[in-house]
Amino acid sequence: MFFSSPPPAPASASAAAPEESPRASGGWLARLRSGLKRSSDTLSSGLKNVFARRTLDQAALEELEDLLIQADLGPKPAARLVKDLGATRLDKTVTDAEVRAILAESLASILAPCAKPLEIDPTKKPFVVLMVGVNGNGKTTTVGKLAHGYREQGLSVLLAAADTFRAAAVEQLVAWGERTGCPVVVGPPKGDAAAVAFRAYEQARAEGRDLLLVDTAGRLHTHDNLMQELAKIGRVLKKIDPEAPHATLLVLDATTGQNAHAQVETFKALTPISGLIVTKLDGSAKGGVLVALADRFGLPIVAVGVGEGVSDLRPFDATAFARALVGLEDDRQSKQELDMSCRGDEEPST
Amino acid sequence: MFEGLNTKLGAIFDRLGRRGVISEGDITDALREARVALLEADVALSVVKDFTVKVKERALGQDVLRSVAPGQQVIKIAHDALLDMLGTTAEPLNINVAPPAVVLMLGLQGSGKTTTAAKVARFLQGTQRRKVLLASLDVRRPAAQEQLAVLAEHVGVASLPIVPGQDPLGITRRALQAARQEGFDVLILDTAGRLAVDEDLMAEAAAIRDLAQPHEKLLVLDAMTGQDALTTATHFHAKVGVTGLVLTRLDGDARGGAALSLRAVTGCPIKFLGTGEKVEALEVYHPDRLADRILGMGDVVSLVEKAAATVDKTEAEAMATKMFTGGFDLNDLAKQLRQVRKMGGLSSLLGFLPGVGKIKDQLKAANVDDRVIARQEAIILSMTLKERRDASLLGASRKRRIAKGAGVEVQDVNRLLKQFFEMEKTLRQVRRKMGPGGLAGLMGGGVSDDPDKVLARLKRGF
Ligand SMILES: Nc1nc2c(ncn2[C@@H]2O[C@H](COP(=O)(O)OP(=O)(O)OP(=O)(O)O)[C@@H](O)[C@H]2O)c(=O)[nH]1
Ligand SMILES: Nc1nc2c(ncn2[C@@H]2O[C@H](COP(=O)(O)OP(=O)(O)OP(=O)(O)O)[C@@H](O)[C@H]2O)c(=O)[nH]1
Ligand SMILES: [Mg+2]
Ligand SMILES: [Mg+2]
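For the record, the sequence lines run as chains C and F. Just so you know, the first sequence maps onto residues 1 to 350 in the numbering used here. Just so you know, the second sequence maps onto residues 1 to 462 in the numbering used here.
Worth flagging that the hints you see were computed from the coordinates, not collected in a lab. A hint or two may mislead.
To be verified - Label-pair ranges, simulated between beta-carbon atoms:
| # | chain 1 | residue 1 | chain 2 | residue 2 | range |
| --- | --- | --- | --- | --- | --- |
| 1 | C | D121 | F | K278 | 37 to 45 angstroms |
| 2 | F | L393 | C | K238 | 48 to 56 angstroms |
| 3 | C | T55 | F | L169 | 54 to 62 angstroms |
| 4 | F | Q411 | C | D121 | 25 to 33 angstroms |
| 5 | C | P272 | F | R398 | 44 to 52 angstroms |
Unchecked claim - Facing chain C, a subset of chain F residues (Cβ under 10 angstroms, in silico):
| # | residue |
| --- | --- |
| 6 | A37 |
| 7 | E40 |
| 8 | L45 |
| 9 | V48 |
| 10 | K49 |
| 11 | D50 |
| 12 | G112 |
| 13 | E146 |
| 14 | V150 |
| 15 | H154 |
| 16 | G156 |
| 17 | R249 |
| 18 | G252 |
| 19 | L394 |
Claimed, not checked - Chain C residues, not near chain F, derived (Cβ > 12 angstroms throughout):
| # | residue |
| --- | --- |
| 20 | Q58 |
| 21 | A87 |
| 22 | T88 |
| 23 | T95 |
| 24 | S106 |
| 25 | K116 |
| 26 | P122 |
| 27 | E152 |
| 28 | G191 |
| 29 | E243 |
| 30 | L270 |
Each residue gets a CB set at the ideal place from its N, CA and C atoms; glycine is no exception.
Given the sequences, and given the hints that come with them, work out the whole structure.
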């Protein structure tokens, strides 16, 4: 899988931009762990206080529910999870670690079916990926990261700058093109986004490219006209291949709370979504809304973003995510497990 | 904005308010529902807890439950508790200092700093006639400096020339110097997005602050942010210091709970709201008006103000009387359409009114939008006075004549009439919400000519 390839030597483009996050020294596994760790710090310390040697009584359960809410699971899913936990364990004495393990397991069992990488169908030349989502959540950066990953795998990648609206959005993608060594198709400023996508598709076909990544403008799902513009991009691509775009990836920002539900719902209603990419998991936001989203929509979570550098994209590992969410990455055993589960990912999956 | 939360809380407390007798259990139930509604709106858990504890304490403390209108009292208590959380004063940008006033934009990646910097620059230069300089210290994100330069040009504000390879502190020094030498009133410094937990970048932000000595440090936060709003605000406040908040993307359907969390955690006022991608989409924020709106009571102050600014007082008063006491006809509608148009459209008007979230949706469904208002006016003006007074006179042939006169299709006339009846219904509903006698009833019989009195009355009444 592309995300697992070793970090590359920094590209020569844009010296000022960070190729890696500053704290990224210890290799990608360390980074994953530190990213997830931060996500779970609050939750983790909270849990420790609550559950060190005590009965799992109503008060303890309520505190547990609070911790899940603070991780953005949403009040109702949090209540349900804790109720289930209580049903089996109420009034038993449990240790801190036990409660966490049980909780992590139930979280992981919800998330696991969604941990699916993006499958690139090699018979499509190019395989067209459309990147969509609300403003500022990391679409362009993720296009850059994907371009880097797939190029490392030896695919020939073309980028399409179909955000013709935002100031310097094109320049931003062009910089990513330079950084990753992928050409970028651009159109005139404020021009027609669909026309850029169409032209890029034609060019990618003519050049025999493996992959076309189409970056689109950020749009709030509540703006009908902008959603229609997105639908138009899809329609125009279909003129070349009725099956295009072959994948539409919805980017979600991990800092987003319960509004993520409305985002997924609305984008999904407009166009089939092949998978989600969750960005900014290197921050303090916990991304717990993913649990409810997984439960409700069952969409594949194809990757997570853990930084601003080219190689800060990771496969989504449900167990590691769930365990980290409840603060289980600290002990040695889970570290080993995390190691193992990540090592498994290094085998190419396609 | 805040509509989801508004509708939910409104419904919860509405139920309570309609009861003659309430028990402690009723309050507990209502607060449990309110807790879920607030959490689903992404209000930080600790803030929600403070709110429910406070309301419950106060509701059970005094002789509330035994009073004449206990439900109303509880609503007032909830309202006051929200106000406590939001603060009561609207504070303008602190730029009345010896120039240049320095404004530092801070926040997580992608929250809207650069866009907001341009919006604020445009606001200060346009509305407040300040000479503004924009400078980007973002050397991390590709094309970030170009983005600000493009936006600056678009809004007609000066921006510091880009010098490749310079670090944020170097740019800051250059910007300060340029601002002083070239006589700028305000210098707005846009910074790279940074995680609140990123020690290195937070230290960089602190260094920029120490060098620039900003008069305003604005934390820009996405209105869709979840529980992390609390963590982020706490960190930025602790490490760099925040003087004001900006909430962006309120043009979406986020319930905006972060607004409550932010204010509660930092104690800083929210100063601006971002309501779109375009540079005009910026609103000055009124913290004191939000509680009403969140509880579904409508932003009556804004309504009254807006009315005062656009329509003359007697007309406004007459309109209010008609709207709240009933008995208006197509003639009044035409007059109102004109006023409504001046006040920013019907939907914006209704958004200010108490408990009309749902009704507003109905109106939207009925396609009452501002573009058709002018056409509707034309239709009404093509009617005879008699017809305007009694819409039921309008049969097929009259409609054809009117359509011809107004240069529209008969179905447009039909649509207008449908909307008119729809509106009659709406106003009936509003009146019902306001109790017997409508607004007049609230005010003890006569329509007051003093908006402040009306307001005070409304607040007490709800
Ligand atoms: N820390 C962190 N920052 C990220 C990540 N992904 C993106 N970013 C940052 O988030 C900001 C916005 O990213 P963009 O890629 O421009 O987002 P976008 O969705 O293309 O934005 P619009 O096109 O304006 O809608 C930039 O500062 C990125 O560097 C991530 O995984 N972690
Ligand atoms: N719908 C909407 N979009 C907004 C608003 N404010 C900003 N945006 C959009 O959000 C995206 C990110 O805005 P930026 O101003 O680049 O955000 P930033 O905080 O400077 O991002 P970084 O510098 O990467 O940290 C862009 O697509 C903006 O057009 C708003 O109020 N509403
Ligand atoms: Mg983009
Ligand atoms: Mg920026």
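Hint-by-hint comparison with the structure:
1. C:D121 <-> F:K278: 37 to 45 angstroms: About 39 angstroms separates the Cβ atoms of C:D121 and F:K278, which means 37 to 45 angstroms holds.
2. F:L393 <-> C:K238: 48 to 56 angstroms: holds (53 angstroms)
3. C:T55 <-> F:L169: 54 to 62 angstroms: Given about 55 angstroms between the Cβ atoms, the range holds.
4. F:Q411 <-> C:D121: 25 to 33 angstroms: violated (50 angstroms)
5. C:P272 <-> F:R398: 44 to 52 angstroms: This hint holds: roughly 51 angstroms between Cβ atoms.
6. A37: holds (9 angstroms)
7. E40: Hint holds; F:E40 Cβ to chain C Cβ min 5 angstroms, cut 10 angstroms.
8. L45: holds (5 angstroms)
9. V48: holds (9 angstroms)
10. K49: With Cβ-Cβ at 8 angstroms, under 10 angstroms, it holds.
11. D50: violated (13 angstroms)
12. G112: Cβ of F:G112 sits 6 angstroms from chain C, so the hint holds.
13. E146: holds (4 angstroms)
14. V150: Since chain C brings a Cβ to about 4 angstroms from F:V150, closer than 10 angstroms, the hint holds.
15. H154: Interface hint status for F:H154: holds (7 angstroms vs cutoff 10 angstroms).
16. G156: Where the cut-off is 10 angstroms and the nearest Cβ of chain C is about 14 angstroms from F:G156, the hint is violated.
17. R249: With Cβ-Cβ at 6 angstroms, under 10 angstroms, it holds.
18. G252: Because about 4 angstroms separates F:G252 from the closest Cβ in chain C, which is inside the 10 angstroms limit, the hint holds.
19. L394: Violated: closest Cβ of chain C sits about 33 angstroms from F:L394, beyond 10 angstroms.
20. Q58: holds (15 angstroms)
21. A87: With a cut-off of 12 angstroms, C:A87 remains clear of chain F, as the shortest Cβ separation is near 20 angstroms.
22. T88: Nearest chain F Cβ is 24 angstroms from C:T88, so the label holds.
23. T95: For C:T95, whose nearest Cβ neighbour in chain F is about 25 angstroms away, the distance exceeds 12 angstroms, so it holds.
24. S106: C:S106 is indeed farther than 12 angstroms from all Cβ atoms of chain F, at 20 angstroms.
25. K116: The claim stands: C:K116 keeps its Cβ more than 12 angstroms from every Cβ of chain F (closest is about 25 angstroms).
26. P122: holds (30 angstroms)
27. E152: holds (19 angstroms)
28. G191: holds (15 angstroms)
29. E243: holds (31 angstroms)
30. L270: Non-interface label stands for C:L270: nearest chain F Cβ at 15 angstroms, farther than 12 angstroms.
Figure legend: structure checked against the earlier numbered hints; hints not met, in rising order: 4, 11, 16 and 19.
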